[in-house]
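**Q** Sequence:
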Amino acid sequence: MAANKLNSRHYYLSKDKGFAYSINTISKISFKIFLMNIALIIFILTYIIIGIQNIPKLHINRPAGALLGAVAMVLFGVLNIKEAYAAIDLDTILFILGMMIIVAYTEVSGFFQIAEDFILKSAKSASSLLLFLIISSGFLSSLFMNDTICLILTPIVLRLTRRVSLNPIPYLIALATSSNIGSVMTIIGNPQNMLIGLYSKIPFLEFLMILAPVTIIGLILNFLVIRFIYRKEIASKSIVIIGNDSSRIIVQKELLFVSFFALALLLVFLSLGFNPPSVAITLACLLILAGATKPRKALEEVDWTLLLFFSGLFIVMKGVEKSGIINSIFTYVQHYLSDGRLKQVVNLSLGSTVVSNIVSNVPAVILFSHFFTNLANSKLAWLTLAMSSTLAGNLTIIGSVANIIVFESARDEVKVGFFEYLKVGLPLTFLTLLLGVFVLAFLG
Numbered sequence: 531m532a533a534n535k536l537n538s539r540h541y542y543l544s545k546d547k548g549f550a551y552s553i554n555t556i557s558k559i560s561f562k563i564f565l566m567n568i569a570l571i572i573f574i575l576t577y578i579i580i581g582i583q584n585i586p587k588l589h590i591n592r593p594a595g596a597l598l599g600a601v602a603m604v605l606f607g608v609l610n611i612k613e614a615y616a617a618i619d620l621d622t623i624l625f626i627l628g629m630m631i632i633v634a635y636t637e638v639s640g641f642f643q644i645a646e647d648f649i650l651k652s653a654k655s656a657s658s659l660l661l662f663l664i665i666s667s668g669f670l671s672s673l674f675m676n677d678t679i680c681l682i683l684t685p686i687v688l689r690l691t692r693r694v695s696l697n698p699i700p701y702l703i704a705l706a707t708s709s710n711i712g713s714v715m716t717i718i719g720n721p722q723n724m725l726i727g728l729y730s731k732i733p734f735l736e737f738l739m740i741l742a743p744v745t746i747i748g749l750i751l752n753f754l755v756i757r758f759i760y761r762k763e764i765a766s767k768s769i770v771i772i773g774n775d776s777s778r779i780i781v782q783k784e785l786l787f788v789s790f791f792a793l794a795l796l797l798v799f800l801s802l803g804f805n806p807p808s809v810a811i812t813l814a815c816l817l818i819l820a821g822a823t824k825p826r827k828a829l830e831e832v833d834w835t836l837l838l839f840f841s842g843l844f845i846v847m848k849g850v851e852k853s854g855i856i857n858s859i860f861t862y863v864q865h866y867l868s869d870g871r872l873k874q875v876v877n878l879s880l881g882s883t884v885v886s887n888i889v890s891n892v893p894a895v896i897l898f899s900h901f902f903t904n905l906a907n908s909k910l911a912w913l914t915l916a917m918s919s920t921l922a923g924n925l926t927i928i929g930s931v932a933n934i935i936v937f938e939s940a941r942d943e944v945k946v947g948f949f950e951y952l953k954v955g956l957p958l959t960f961l962t963l964l965l966g967v968f969v970l971a972f973l974g
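For the sequence shown, my numbering gives the first residue as 531, with consecutive numbering after it.
By construction, these hints were calculated from the structure, which means they are not laboratory data.
Check the hints yourself; a few may be wrong.
BS3-like mimics (lysine-lysine), calculated; alpha carbons at most 30 Å apart, straight line [said to hold, decoys possible]:
(1) Lys953 <-> Lys873
(2) Lys945 <-> Lys762
(3) Lys852 <-> Lys612
(4) Lys945 <-> Lys587
(5) Lys953 <-> Lys654
(6) Lys909 <-> Lys873
(7) Lys852 <-> Lys909
(8) Lys762 <-> Lys654
(9) Lys731 <-> Lys783
(10) Lys731 <-> Lys873
(11) Lys827 <-> Lys783
Quick list of the computed label-pair ranges, beta carbon to beta carbon [unchecked claim]:
(12) Asn567 <-> Phe787: 34 to 42 Å
(13) Lys909 <-> Ile750: 25 to 33 Å
(14) Glu784 <-> Asn591: 15 to 23 Å
(15) Ala794 <-> His589: 35 to 43 Å
(16) Glu613 <-> Ile571: 12 to 20 Å
(17) Ser658 <-> Asp942: 23 to 31 Å
(18) Arg693 <-> Lys909: 43 to 51 Å
(19) Leu829 <-> Leu872: 40 to 48 Å
Quick reminder that beta carbons are idealized off the backbone N, C-alpha and C, glycines included.
Build out the structure end to end from the sequences listed, making use of the hints.
**A** Following this line, the structure appears as C-alpha cells:
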C-alpha cells in the first residue's frame with residue numbers, strides 16, 4: 531500500500547516536472563519567435579527609412595534611420611548593450627575614417643583645383659570634354675572614393691558647361707556613372723568595396739587585377755552610351771574657354787606633397803598585404819602631425835555621419851543575425867549562391883542589383899555579407915558583390931550615394947528627371963553588368 535502511494539506520488543511529481551519542462555520549452559520557443567518577429571520588423575522599418583532616404587517633416591535621413599534601428603534593437607531586447615557595442619566593426623570604421631582624412635588633406639592642399647584647371651585647358655570639343663571627364667572621374671574615384679569625387683567635381687562641371695554654353699545634363703550623368711564604374715576596381719574606391727575588402731581578405735592587387743577590366747571597358751561603354759544618346763548636343767561641337775581662372779588656384783605645395791606621399795604609401799602597404807585599417811588610420815594620424823595646416827580645416831571635410839550610418843547598420847544586422855532570421859533565409863538562398871560558377875555570378879548580380887536599388891549599395895552589402903561565410907567559393911561571391919552592387923548604382927537616379935550627391939548638388943541650376951537619367955542608366959547598367967558577369971564567370 532505504502533509502495534503504491536510512493537509510486538503514485540513519484541508519477542505525479544514526474545508529470546509535474548514534465549509539464550513544467552514543457553511550459554518552459556514553449557516559453558523559450560515563444561520568446562525566440564517574438565524576438566525574431568521584433569528583429570524582422572525593426573530591420574524592415576530601418577531599411578524602408580534608408581530606401582526612402584528622407585521622411586518629410588520628421589527630417590529622418592539614412593544615418594538617423596540606421597541609428598534608430600540600432601537603438602530599437604536594444605530597447606526591445608533583441609540585443610543587450612554589450613552585444614550592440616561588440617557588433618560595430620571597428621576595423622571598418624577605422625579604415626573608412628583613415629581614408630576620409632587622407633582624402634580631406636588632399637582636397638585642402640588644392641589638388642582638385644589643379645585637376646579642374648587641367649580639365650578646362652585640355653578640352654577642345656564637347657566630345658573630348660565628355661571623354662576626359664569620364665576618364666578623369668573614373669580614375670580619381672578608384673583612389674579617392676567616388677562620393678568625394680562627385681562632391682568636388684559637380685560644381686566644376688556646372689561652371690564649365692555654363693562658360694561654354696553646353697547642356698550640363700549629359701556631363702552630370704557622365705560624372706555620376708563614371709565615378710561608380712571607376713570605383714569598382716579597388717577596395718578604396720567606395721564604402722561598400724571597403725567593407726568587402728575587409729570581410730573577404732582579398733589582397734589589394736588581386737582585387738585590382740580581376741576587376742580592372744570591368745572598370746576600363748565599362749568607362750568606354752559609358753562614353754559610347756552617353757555619346758550616342760546625347761549625340762545632338764555633343765556631336766563635333768567645338769568649345770572655347772572664356773577667361774582664365776588659373777590665378778584663383780591656391781595650392782599648398784608642402785601639404786600636396788605630404789598628402790600624395792601618404793597616398794603612395796597607402797597603395798604600397800595595401801599591395802604588400804598589410805592590414806588596411808592599421809595602414810589607413812596610421813597614415814591619417816601622420817598627416818595630422820605633419821600636414822602643415824590646422825587639423826580642424828581638414829577634419830571638417832570628413833563625413834562623420836557616414837561612420838554613424840555604418841555603426842547603426844552593423845547593430846541592426848547583428849540583431850537580425852541573433853534572431854535566427856539570417857540562418858532561415860540562407861537555407862533558402864544557399865542553392866542559388868552555390869549552383870555553378872556562372873549561375874552563382876548571375877544570381878548574385880541580379881539579387882544585389884535589385885536590393886541595391888531599393889536600399890542603396892552599402893546596406894545591401896552588409897545584408898549579403900551574412901550569407902557568404904559558408905559558401906564553397908566565397909571569393910567569387912565577394913568579387914561579384916563588389917562588381918554588381920556598385921554597377922547597380924547606375925540604374926536609377928537614386929541608385930547610389932554618388933548619384934544623389936551629383937544631382938542634389940546641381941538641383942539649383944539644372945533638374946534631371948527620373949526618366950531622363952534612366953535612358954542612360956538602364957542600357958549602361960545592363961551592358962556593364964553583362965560585362966562584369968562575363969569577366970568574373972569566365973576570366974576571373
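**Q** Determine for every hint whether it applies to the structure shown.
**A** Okay, the hints, checked on the actual structure:
1. Lys953 <-> Lys873: Given that 30 Å is the threshold and the Cα spacing comes to 28 Å, the pair holds.
2. Lys945 <-> Lys762: holds (19 Å)
3. Lys852 <-> Lys612: This hinted pair holds, its Cα atoms lying about 14 Å apart.
4. Lys945 <-> Lys587: Roughly 23 Å separates the two Cα atoms, so the pair holds.
5. Lys953 <-> Lys654: Status holds; Cα separation ~27 Å.
6. Lys909 <-> Lys873: holds (15 Å)
7. Lys852 <-> Lys909: Distance of about 25 Å is within 30 Å: holds.
8. Lys762 <-> Lys654: holds (17 Å)
9. Lys731 <-> Lys783: violated (36 Å)
10. Lys731 <-> Lys873: The given pair, whose Cα atoms are some 23 Å apart, holds under the 30 Å limit.
11. Lys827 <-> Lys783: The given pair, whose Cα atoms are some 16 Å apart, holds under the 30 Å limit.
12. Asn567 <-> Phe787: 34 to 42 Å: Between Asn567 and Phe787, where Cβ atoms are some 57 Å apart, the hint is violated.
13. Lys909 <-> Ile750: 25 to 33 Å: holds (27 Å)
14. Glu784 <-> Asn591: 15 to 23 Å: Given about 37 Å between the Cβ atoms, the range is violated.
15. Ala794 <-> His589: 35 to 43 Å: holds (41 Å)
16. Glu613 <-> Ile571: 12 to 20 Å: The hinted range 12 to 20 Å holds for Glu613 and Ile571, with Cβ atoms some 19 Å apart.
17. Ser658 <-> Asp942: 23 to 31 Å: Holds: the Cβ-Cβ distance is about 28 Å, inside 23 to 31 Å.
18. Arg693 <-> Lys909: 43 to 51 Å: For Arg693 and Lys909 the Cβ distance comes to about 47 Å; the hint holds.
19. Leu829 <-> Leu872: 40 to 48 Å: At roughly 47 Å between Cβ atoms, Leu872 and Leu829 fall inside 40 to 48 Å, so the hint holds.
Hints 9, 12 and 14 from the list above are not met by this structure, while the remaining hints are.
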